[in-house]
Amino acid sequence: MFMPRAYDRAITIFSPEGRLYQVEYALELVKRGAPIVGVSSPEGAVIAANETPESRLENPEYFRKIFQLDEHVGAAIAGLSSDARVLISQARLFCQSNRLLYDEPVDMEVLTRRIGDLAQVYTQHAGVRPFGVSMIIAGVDGKEGRVLTTDPSGSYRGYMATAVGRKSDEANRLLEERYKDGISLDEAAGLAVEAVREASEGDVTSSVVKVAIVPADTRTFRRLTDEEVTKHLK
Amino acid sequence: MFMPRAYDRAITIFSPEGRLYQVEYALELVKRGAPIVGVSSPEGAVIAANETPESRLENPEYFRKIFQLDEHVGAAIAGLSSDARVLISQARLFCQSNRLLYDEPVDMEVLTRRIGDLAQVYTQHAGVRPFGVSMIIAGVDGKEGRVLTTDPSGSYRGYMATAVGRKSDEANRLLEERYKDGISLDEAAGLAVEAVREASEGDVTSSVVKVAIVPADTRTFRRLTDEEVTKHLK
Amino acid sequence: MFMPRAYDRAITIFSPEGRLYQVEYALELVKRGAPIVGVSSPEGAVIAANETPESRLENPEYFRKIFQLDEHVGAAIAGLSSDARVLISQARLFCQSNRLLYDEPVDMEVLTRRIGDLAQVYTQHAGVRPFGVSMIIAGVDGKEGRVLTTDPSGSYRGYMATAVGRKSDEANRLLEERYKDGISLDEAAGLAVEAVREASEGDVTSSVVKVAIVPADTRTFRRLTDEEVTKHLK
Amino acid sequence: MFMPRAYDRAITIFSPEGRLYQVEYALELVKRGAPIVGVSSPEGAVIAANETPESRLENPEYFRKIFQLDEHVGAAIAGLSSDARVLISQARLFCQSNRLLYDEPVDMEVLTRRIGDLAQVYTQHAGVRPFGVSMIIAGVDGKEGRVLTTDPSGSYRGYMATAVGRKSDEANRLLEERYKDGISLDEAAGLAVEAVREASEGDVTSSVVKVAIVPADTRTFRRLTDEEVTKHLK
Amino acid sequence: MFMPRAYDRAITIFSPEGRLYQVEYALELVKRGAPIVGVSSPEGAVIAANETPESRLENPEYFRKIFQLDEHVGAAIAGLSSDARVLISQARLFCQSNRLLYDEPVDMEVLTRRIGDLAQVYTQHAGVRPFGVSMIIAGVDGKEGRVLTTDPSGSYRGYMATAVGRKSDEANRLLEERYKDGISLDEAAGLAVEAVREASEGDVTSSVVKVAIVPADTRTFRRLTDEEVTKHLK
Amino acid sequence: MFMPRAYDRAITIFSPEGRLYQVEYALELVKRGAPIVGVSSPEGAVIAANETPESRLENPEYFRKIFQLDEHVGAAIAGLSSDARVLISQARLFCQSNRLLYDEPVDMEVLTRRIGDLAQVYTQHAGVRPFGVSMIIAGVDGKEGRVLTTDPSGSYRGYMATAVGRKSDEANRLLEERYKDGISLDEAAGLAVEAVREASEGDVTSSVVKVAIVPADTRTFRRLTDEEVTKHLK
Amino acid sequence: MFMPRAYDRAITIFSPEGRLYQVEYALELVKRGAPIVGVSSPEGAVIAANETPESRLENPEYFRKIFQLDEHVGAAIAGLSSDARVLISQARLFCQSNRLLYDEPVDMEVLTRRIGDLAQVYTQHAGVRPFGVSMIIAGVDGKEGRVLTTDPSGSYRGYMATAVGRKSDEANRLLEERYKDGISLDEAAGLAVEAVREASEGDVTSSVVKVAIVPADTRTFRRLTDEEVTKHLK
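Going line by line, the protein sequences match chains L, P, A, S, H, W and D. Using this note's numbering, read the first sequence as starting at 1 and increasing by one per residue. Using this note's numbering, read the second sequence as starting at 1 and increasing by one per residue. Using this note's numbering, read the third sequence as starting at 1 and increasing by one per residue. Using this note's numbering, read the fourth sequence as starting at 1 and increasing by one per residue. Using this note's numbering, read the fifth sequence as starting at 1 and increasing by one per residue. Using this note's numbering, read the sixth sequence as starting at 1 and increasing by one per residue. Using this note's numbering, read the seventh sequence as starting at 1 and increasing by one per residue.
No wet-lab data here; the hints were simulated from the structure. Accuracy of the hints is not assured; some may be wrong.
Stated by the list, open to error - The calculated lysine-lysine pairs, modelled on DSS-like cross-linking and capped at a C-alpha distance of 30 Å, are:
hint : chain 1 : residue 1 : chain 2 : residue 2
1    : S       : Lys-167   : S       : Lys-234
2    : P       : Lys-31    : A       : Lys-31
3    : H       : Lys-31    : A       : Lys-31
Note that this is a predicted model, so its numbers are computed, not measured.
Chain L on its own, in the form it takes in the complex (with noise of 0.2 Å):
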């Protein structure tokens, strides 16, 4: 109890145990944001989060936590909002260079690991703290859904089906149990939401419950609408 206090002053070090107590303070933070749920499909991508706003007079129009970031492929965060900022910029600014490169949509691979690796010069050099954020990024990589995360030590994994932030492990032991292979984009999108719900304290309705989809044929983010949502909500 009292000795990890001594190794976390400073720059993001490494203690005796070997573990990088900055990362992981980041971590709890990202633990403590509000849930996301990625799940693909052989159909295409989901994205889900819970939107709830702070007060009855907040603006939702205004409090994001699912962003596109190039066409074909979108992203959801858990941590600091601001910090999230900087990562979006730079993954949008990295999409469009490589459209205008290659004249191709940036392999999705390519993409996570860019921004793990913006991330992980933040966990090694002084001077700077790591980013207070995890990504779930999803979209269409050939003809299939992906779902990619990575985290603030810049480590990057793919899942066919994953939740971020508050009690994700009890959306993480849903989605196990209900995921299926070959699953269609739609009852992809279900599970999506209702994973966001078990993860969520309380009831959650269609304004709180936000969904993006990335369908394989048209390769197009599209958020869904309320009553697209309130149709996944049963």
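Following the hints, complete the assembly by docking chains P, A, S, H, W and D onto the known chain L.
Quick look at chains P, A, S, H, W and D alone, frame taken from chain L:
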């Protein structure tokens, strides 16, 4: 009680619970600032502030909480006025560049994000401290009034109506009770004044409550005269 | 008593209560400085200072608290004279640039904000300490006398009349009691001298109280002679 | 128990016993990483790794411990994958430059030393932390297979066969017992798989043990298929 | 007794009482330096110093406390001689530039302010320590002798006569008692020698007390010979 | 026991006893390194080292303690091999430059001083740690063999014969007893091997003791074969 | 005993008593160095040093305490030889530049001040430590021998005769007793050797005491042969 002290001495870093202490301390400063309020309406936006001078001899001309950023946008500040000036200068410059580059008024979310991005940098890099100021940014986008806020972390949010600073909980409770969709600009100004009064200690007069509006038709920032404010004070 | 020490060792950072300790400590230094007073009048502005030398052999010619910044503006300082010189040099340069660029005397608020902006930088960046000086800036804008102040935080304010430095509370109480709107420049000078006397320990003479005025008609900074000061000492 | 803490807070410096604590802590991280194994043979070289995914839903396509560096060289990593990516990028760039400059494949020791030199810089200069990763580099030099390792200190060594990561002591003991000079590439692959199994907790399957080989005749890095791996699992 | 230690470790920062400890500690060093004295007269200015060598074998030629800065100005130092050399080099350069640019001897206050400005920088920025030296600068401005002082804070003051260094309180008391307006240059030299003797431990001889004068008529710095000094020692 | 800890945390600074702790700690590391020996003779110079590999499977080809620096000079290292590589690279570059510039082999003292100068910089500047390595540099200058050493402080010395590393006291005692002026190169090699054996734990074989010589006649660095080494092992 | 530790960890700063601890600690190192002596005479200057090697096998050719700086100047060092080399390189460069620029030998005080100025920088700026070396600089200026010293603070002084290093108090006492004005160069060399013997532990021989002279007539630095030194050892 004892633990926090171990984490706040150096640059803005994460505590074991994943909090950025320097940012939270800056928010403490904001919470002690004189109350400011923003209210949006389909007819425009309103900002109000308590500008009670320090003494009878203070010249109110030089003590301001409300600033014009562009023809169609204004801002109120809570916290360190010297820190606020840095952000306001940058914001004005950004508004002017936008007009020069695109020949149109800056979008209010774009402007607010810019201020937030600047503030974020001061929370992630060593050698600086976060800005000790929160802002309410109010103006007209398209045909409607808009109210947004920034804080020391660099986050921004949008509201129908919101209060920041001393006793903002009381003021926000009042706003939540009385704010109605489709409120007129005149009612919005009245509500803003009322909320400032709620958050102010003791009695307030028109020489103390300052109000600025941006009507949706003129799209032009205007400070209310003392007479106009008096009207709203009943 | 013990806690503050944990927060003031490094750069200027926030304490858990949202205070900038280094700035507050610099203000302590200012409060121990010899008293300075500024009084505005429709006919001009007055600055007065206690320039009691350290010993009988000190050459008063080189011990000054009052400085001319431009033809129409002067300043009095409380705190570290070596720090003050840095700000005064910058202020003079700014006044000259303004005349060169716009061919007119600098606006007094613009000048004071400039000094404040410079001071603010020293409160937000590592590797420097705040300036240990507060200033009263007095002069003529348009047709009236004006009095403004800056402090180590970079904040600035305007006053009809104000005192800074040792026993400024007593001096300000006197100013609040006796200041009258429409006061003549001669009365303003008398009031300024009285306020310096109030804040000074022991008896004061014309060789110790120094006064400078900027009349609204001439718009020209002028130091009062010992005889003129003596007149105001009764 | 208490003493070490005094030496590991700042940059990578020597302890009184002449140890570099940050480097040793990074090695702790490596020791907790999933096991990797390299085996050389006159017929080529083998790398094997335990790539057990985190959950049933993890997409193994994006979770790799084995990377191709050049046509004739591959590497396995133990430790922080985000740190490893930095070294792998640099290594690939170096391989390409070498081909461009000298029109021949890079010598394996030269490549490994380059990786080690980069890692060394991060142990001697302030403002960075050592890389939290060890690598096994395997490939073909001249006509034989070669296996080398790098660690966080920047040191490199060559081995007939070696294991790094979790339970590497057990795996290395097995390698020392069973490795024979003149081993065939097929036997080497079998031995590598066996060593990974020895170091892995629980049972392992072909979907979890990944193997890559560089045969001396083709000099071309190739990942074994699941079927090929299954064969080596008995 | 304990508290000061908390504030003096890092750069020159404010203590809770608004003091700059590093500057005050540098002044302690100055107070332990050998005594120096300056006396002004309508007929010129005098500097005197105790230049007692360390041992019988020290070569007094290389042990100086009095330096010529320009034809019409000299300086005596108390404190670290190696620090003093830095300021003296800069001062000489400034005097030469002034002659080149304006074709006239530098004004003594301008010169002294320049030295003070340089010293001030070393009290406000990190990465340096204040200069551990105070100076008495004496010479002729217009038609009169002048004496000014600088200290580690960068402040400067003017005096009819003043002493700095070891036992300067005693020497200053003597100067206050005996200094008379209109004193002749010869009397000034006598008084300066007497003050050095007052501040020196044990007996002093002409080989130990060094004196330099700048007569108002010649405006030329001149060191007194041992015979001339002996005359003033009675 | 307690005191040292207060002085070794930051850059390489002096302790109250005038010692550079970081340098002394680096020397501790050197003292734990495998033993190396250098012996000079009128007929040339010899370096010997214990290159016992870590395990039976280590490839001795990649584990070296002896390096050729130029045609006529070699070096043995004790300490961190990754640090040594930095110095060796610089030394080789320096040798080559020397041949290019002056068209002759570099003087051995000039080369050794260069290595020492580089090491010295790392003991006087912040942001780096000293090199954790000592070297024995052996070769031919003029017509004779020469042996020099460098250490982490940047000091260098010359010896007829010397040992560095683990149990170097024992080895040096042996060298002092048995070294004779006018020793032949063959005897020197035998003495070097003997000294390595003295300093090594357990029995040593020709596969473990490595020897390199620079004969005065050929002036060319040459590694002895295992057979040649075996001869010297009796 | 406890207090000093609070002030010596960071850069070279003032203690509450106005002392620069890092400089004083460097002086401790100098006081432990082998003794060096300088003696001046109207006929020239002498430097002597105890160059006792570490062991019987040390090559005295590479272990020097006395260095030639220019044709007419030499220097002896006490302290860290690696630090000394930095200053000696700079000094030699300065001597050469002087000859190139002015076509005459450098003045000895100018040279010594230059070395001191370099050392001073290392006592006032962060990121470096003071030089751990004192020097005796001896040579011929005009027609006489001169002896000057520098120390880690950057101060310099001149002496008829002086000793630095281990037991320098004893050696200086001897010099004070025996030094006579008008001493011949030969007597000066004898006195220097005697002083080195006084400061050395145990017996000293000509192979251990090294002497260099700069005669006033030749103005050329020359090392005495062993035979010449033996003569002075009686």
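The hints, checked one at a time:
1. S/Lys-167 <-> S/Lys-234: 22 Å, holds
2. P/Lys-31 <-> A/Lys-31: It holds: about 26 Å lies between the C-alpha atoms, which stays within 30 Å.
3. H/Lys-31 <-> A/Lys-31: Cα-Cα ~27 Å, so holds.
Consistency note: the structure conflicts with none of the earlier hints.
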